[in-house]
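A.B. asks: If you read the sequences in order, they're chains W and E.
Position 181 of the first sequence, counted from 1, bears residue number 181 in the working numbering, the numbering being contiguous throughout.
Position 226 of the second sequence, counted from 1, bears residue number 226 in the working numbering, the numbering being contiguous throughout.
Hints in this document: simulated from the structure, not taken from any laboratory.
Be aware that a few hints might be false.
Stated by the list, open to error - The following residues of chain E were derived to be distant from chain W, with all beta-carbon distances above 10 Å:
id, residue
1, Gln54
2, Ser100
3, Gly149
Unchecked claim - Using C-beta positions, here's what the derived DEER-type ranges look like:
id, chain 1, residue 1, chain 2, residue 2, range
4, E, Met184, W, Lys117, 46 to 54 Å
5, W, Asp24, E, Lys30, 53 to 61 Å
6, E, Thr89, W, Gly42, 21 to 29 Å
7, W, Asn41, E, Thr53, 36 to 44 Å
8, W, Tyr18, E, Leu367, 47 to 55 Å
9, W, Gln168, E, Arg311, 48 to 56 Å
10, E, Asn339, W, Ser138, 22 to 30 Å
11, W, Lys183, E, Ser283, 39 to 47 Å
12, W, Tyr16, E, Lys279, 34 to 42 Å
Note that the Cβ used here is the ideal one computed from N, Cα and C, for glycine as well.
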Amino acid sequence: MNEKLAIQVDDLTVAYNYKPVLWDIDLEVPEGVLMAIVGPNGAGKSTLIKSILGIIKPIAGSVSIFGKPYEKQRKLVAYVPQKGSVDWDFPTTAADVVLMGTYGSLGWIKRPGQKEKKAALEALEKVGMLSFKNRQISQLSGGQQQRIFLARALVQDASIYFMDEPFQGVDATTEIAIINILKELRKAGKTLVVVHHDLQTVPEYFDWVTFLNVKKIATGPVKDIFNDDNLTKTYGINYKVAVNK
Amino acid sequence: MSSAQLEIQLIASVVAIACAIPGVFLVLRKMALISDAISHSILPGIVIGFFITQDLNSPLLILLAALTGVITVIMVEMIQKTGLVKEDTAIGLVFPTLFSIGVILIAKNANDVHLDVDAVLLGELAFAPFDRVLISGMDMGPKSLWVMGSILLISTTLLILFFKELKVSTFDVGLSSALGFSPMVLHYGLMSVSSVTIVGAFDAVGAILVVALMIAPAATAYLLTTNLKKMIVLSIFFGVFSAVSGYWLANILDASISGSMTTMLGIIFLVVYLFAPKKGLLSVLYRQKQQRTEVSLITFLLHLNNHSEKRERHINHLQEHINWQKVRSKSVVDLALKNNMVTITDDIVSLTKKGKDFTGLALEYILTNRDDKIEHIKEDFFLFRG
Numbered sequence: 001m002n003e004k005l006a007i008q009v010d011d012l013t014v015a016y017n018y019k020p021v022l023w024d025i026d027l028e029v030p031e032g033v034l035m036a037i038v039g040p041n042g043a044g045k046s047t048l049i050k051s052i053l054g055i056i057k058p059i060a061g062s063v064s065i066f067g068k069p070y071e072k073q074r075k076l077v078a079y080v081p082q083k084g085s086v087d088w089d090f091p092t093t094a095a096d097v098v099l100m101g102t103y104g105s106l107g108w109i110k111r112p113g114q115k116e117k118k119a120a121l122e123a124l125e126k127v128g129m130l131s132f133k134n135r136q137i138s139q140l141s142g143g144q145q146q147r148i149f150l151a152r153a154l155v156q157d158a159s160i161y162f163m164d165e166p167f168q169g170v171d172a173t174t175e176i177a178i179i180n181i182l183k184e185l186r187k188a189g190k191t192l193v194v195v196h197h198d199l200q201t202v203p204e205y206f207d208w209v210t211f212l213n214v215k216k217i218a219t220g221p222v223k224d225i226f227n228d229d230n231l232t233k234t235y236g237i238n239y240k241v242a243v244n245k
Numbered sequence: 001m002s003s004a005q006l007e008i009q010l011i012a013s014v015v016a017i018a019c020a021i022p023g024v025f026l027v028l029r030k031m032a033l034i035s036d037a038i039s040h041s042i043l044p045g046i047v048i049g050f051f052i053t054q055d056l057n058s059p060l061l062i063l064l065a066a067l068t069g070v071i072t073v074i075m076v077e078m079i080q081k082t083g084l085v086k087e088d089t090a091i092g093l094v095f096p097t098l099f100s101i102g103v104i105l106i107a108k109n110a111n112d113v114h115l116d117v118d119a120v121l122l123g124e125l126a127f128a129p130f131d132r133v134l135i136s137g138m139d140m141g142p143k144s145l146w147v148m149g150s151i152l153l154i155s156t157t158l159l160i161l162f163f164k165e166l167k168v169s170t171f172d173v174g175l176s177s178a179l180g181f182s183p184m185v186l187h188y189g190l191m192s193v194s195s196v197t198i199v200g201a202f203d204a205v206g207a208i209l210v211v212a213l214m215i216a217p218a219a220t221a222y223l224l225t226t227n228l229k230k231m232i233v234l235s236i237f238f239g240v241f242s243a244v245s246g247y248w249l250a251n252i253l254d255a256s257i258s259g260s261m262t263t264m265l266g267i268i269f270l271v272v273y274l275f276a277p278k279k280g281l282l283s284v285l286y287r288q289k290q291q292r293t294e295v296s297l298i299t300f301l302l303h304l305n306n307h308s309e310k311r312e313r314h315i316n317h318l319q320e321h322i323n324w325q326k327v328r329s330k331s332v333v334d335l336a337l338k339n340n341m342v343t344i345t346d347d348i349v350s351l352t353k354k355g356k357d358f359t360g361l362a363l364e365y366i367l368t369n370r371d372d373k374i375e376h377i378k379e380d381f382f383l384f385r386g
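Bound conformation, chain E alone (with noise of 0.2 Å):
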């Protein structure tokens, strides 16, 4: 692996983390969409910005668009607050405007402007080792992992720093304001960080991809874990993932680096959404199938326990008489004889103990809703955990 290529791997990451981090909270905000505008808006920003520095990586030009982003958020705020449209409708009428300020300002100077709207769109992370940080002749690395790096540094101080407040904003406006921690304080702070991360980025995988990279490993996250911290070690974790395994399929496939990210991205995130153990769709199949067998399975038994004559309690009757088909029948019996709740001597089914008291629980639950008698069996059967 050349020197470069680690270069590319590294920024990668560096970038995936800086945009997994404030990711976390747009996505627990419900304002995924809210990247979008920005990764958008920010484009006049960048081309005002480098026609006064004529540099892409100058902290006044990713200061200035990081201030369109925060323009961009206040503008939707405004329009949605006059109650005329909602907020979809006010982020699909303030970024695309936007976003073509931008375009006609690169398309009217285009001759003498290093940008273009394809690495606009799409970033240009396979150039970024060749733009280096040199100090007195020595060279110090590539200069968007210095730009990225230094967003990264400061994302993550104010994610330590602020995590409590972050985390009661983000669940409950109405508490955080009133224990005196403003929402509104809050939510520009991570409209500004967001911002600014979109700029440091956007060099490096552009205004359409950055998007996935804020958005896609917080989702996939938020599948697997019940822990914010454990969502947003998990979110880091994904977006590395994909940076690194996205390099290298664009370099199996000679394709776009950014554009492989994101694919790795939405792989994982298929992959998750199968087979995450609690919340994938597997999983979910699987519960909705053994709920129904658990269903049968009370129905079984609260017969049993309504009979005691033999004649009802013969096992091929109680294929006839439930009217189930025989292997839904069998995997109910099996059941309960797995949980020693019923026990069968010459074709003749009886309650157990343990079978006599589910059945009197599962009753009694079915009837009151009241869910403190029954937590010892949840663990057991889906059908109790609500």
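Next up, chain W with everything else stripped away, as it sits in the complex (with noise of 0.2 Å):
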């Protein structure tokens, strides 16, 4: 594995009302793993993310990605949201909604063209999405909204990827063929990292974990720290889960 740090935050505190939900976050994550970031509700899993991406303003603290601040790196990360955070009633079409991915690269007022639309058709068909491309949004269903915001990200092509929940709400067949975009993603040198709610699936599908709950508890390979210990001390009752080791 590449020693070099794709992320790294110091001392972050981000309060909602002057009351901490991310409390004096200190996180290195080396380049190339698929990450999950595990912990309760209200852990600040989602927060995380957020003020790792500039979306939500910390109190204190500082963040990097590849050694500089995240402004100056947006083009080497993306970003899928939650699912539940869009109105999915909104006049567009998946194709429409991937084609979004490209407009960070354009920056502002630049519109996309033949280049960028070619780029979401080929993402739309990485996610099995293609014969969708001109389906309203409404009219998709859970797993296919997660594959579309997947591709979206997609079509980015970034470094980094960050993703908020992108199993919650779809059927098994989709949850397989995210994980396993996921997993060629990271063959492909990619860093992931994950909001992630199974617990059960972490030591199959990642290699690194965190371990959160407004405070850090832990941080590394899922073969060294997913144990009953720091689940124990995440979720605050006596957790057993079955780790293959």
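Reassemble the complex: the two chains are provided individually, in unrelated frames, and hints are given to aid placement.
C.D. replies: Set out below in structure tokens:
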């Protein structure tokens, strides 16, 4: 594994109305890992991603992406928000949503052209959704909507992918399709940070894990730190999962 | 048609187009109420601007009043951020306060200010042609046409330049922010354009009706299309249609022009709400009825599939057995025949191959809820369209 750091977070503290939701987080993510962020509801998993991406302003601390502030590295980063964070009745098509992934590299004012449209169709094909390109997005199933979001991130052709619960509300087939794409991305040297809920699948899907509950509990390779001790510290109850070592 | 009549229709149309454009984004951002708040709370801005400039069409007055609109939005957001009240309550707190300050200002200075509360609420489109632009004695047309035309030109230019940014920040704030298109900048940009438009339109249609011009065309267009660009074009069309037809309605009824325009907007919305091809009420009712028939069809086909004995497949038995009323069972059998799913010989119903395949697919879909295999039958059956 490359020892270069993809993401470095120092002393990050985030508060809503003076109540800390993330407290003094230090986090180092090496390049090329497929990392899960796990923790109970309200642990600040989504908030951590959002503050790394500058969507939420932290009250203290700093973040760097390959050694530089996020603002300078936007084009290296792709983001898949929670599916529930957008209005799927918005008047647009699947292909058009994927095309939004190209907006970042275009910058202000410039419009997407043939090159961008072609890239969007290729990304749709990668997630097996090409035949749905003209479908209105509200006419897609939950799993299909999630694939569209994944395609939108793929079209950004980034080095780091942040994903907020990409398996939420999808059927088993889609879950397998998505994890296979994520594993392919890792093979291609990309770094992936995924907010994840299903503890059972962590050892199978991921090679790196961060335990989070307002504070960082632990971070490291799944095979070393995904154990009952850390799970208990994170979830506050005596946790037993079958870990295949 | 006199030139004054033509000018009024022209002004009304330009106002309608200028309102429809930001209106689309307000509706999609679920901020329709904000336009109501802005349209009322700009009143003190207009009155103070009028004290300074003595001219309702002065650009300085428009900017001052629009600033009050943006301040309204900021105040609403500040109150909301305390977490003590929700957004609608915050809106309800801010705009009546500002509006009433405006009303008091007018009342206190009613003697020397050419503004009255009726005009503020409903506008005075009929008088618009009297206030004209004169350049070294040359008549260049009504002032409000120039004012509204300039506002329209500015907002159209901004829309074309920042269409992509507005779209992504409206659909997905998080992505917009991550990509570097500051949702804050776009939000306040849209609020500024909306405020300037409302101030410009205020003189013509007043504080209450300008809200209808912003929201109704967009809400109507929303029922008809699944494409943002088409939604904008349709909104503009409905706005202009209501402006022109509203003018003639007012002419016939000898009533307020802005009131008639708004009435037309309401009627257009009602018609579209009833008859829109996909989202309309009649279409929804029809779809529900079809879905009921289709569920019956599948029940019927499953029954045939499960029973090979003739006794179970006799047409009369089916009626008794499945216990449907005659009309319903007839419509189901007709639907099955029409789709070549069954054949009837000597009153005995048999599944065709197509019927068998369809039953298998439908059963699988119902059990697994996976829709990749039923794509080809989605077009023919409402039931599978989700």
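A.B. asks: Could you run down the list of hints and mark each one as holding or not?
C.D. replies: Here is what the structure says about each hint:
Look at Gln54 of chain E: its CB is around 39 Å from the nearest CB on chain W, clear of 10 Å, so calling it non-interface holds up. Every beta carbon of chain W lies more than 10 Å from that of Ser100 of chain E, the smallest distance being close to 31 Å; the non-interface claim holds. With 10 Å as the threshold on Cβ separation, the claim that Gly149 of chain E sits away from chain W holds: the shortest Cβ distance comes to roughly 24 Å. Under the hint 46 to 54 Å, the C-beta atoms of Met184 of chain E and Lys117 of chain W, about 29 Å apart, miss the expected range.
With their beta carbons about 36 Å apart, Asp24 of chain W and Lys30 of chain E fall outside the hinted range of 53 to 61 Å. For the pair Thr89 of chain E and Gly42 of chain W, the beta carbons lie near 26 Å from each other, so the given range of 21 to 29 Å is met. The hint said 36 to 44 Å for the Cβ distance between Asn41 of chain W and Thr53 of chain E, and at roughly 56 Å that hint is violated. For the pair Tyr18 of chain W and Leu367 of chain E, the beta carbons lie near 52 Å from each other, so the given range of 47 to 55 Å is met.
Under the hint 48 to 56 Å, the C-beta atoms of Gln168 of chain W and Arg311 of chain E, about 51 Å apart, fit the expected range. For the pair Asn339 of chain E and Ser138 of chain W, the supplied restraint of 22 to 30 Å holds, since their beta-carbon distance comes to about 27 Å. Taken as a hint, the range 39 to 47 Å holds for the pair Lys183 of chain W and Ser283 of chain E, whose Cβ atoms sit roughly 44 Å apart. Distance hint check for Tyr16 of chain W and Lys279 of chain E: the Cβ-Cβ separation is about 37 Å, which falls inside the suggested range of 34 to 42 Å.
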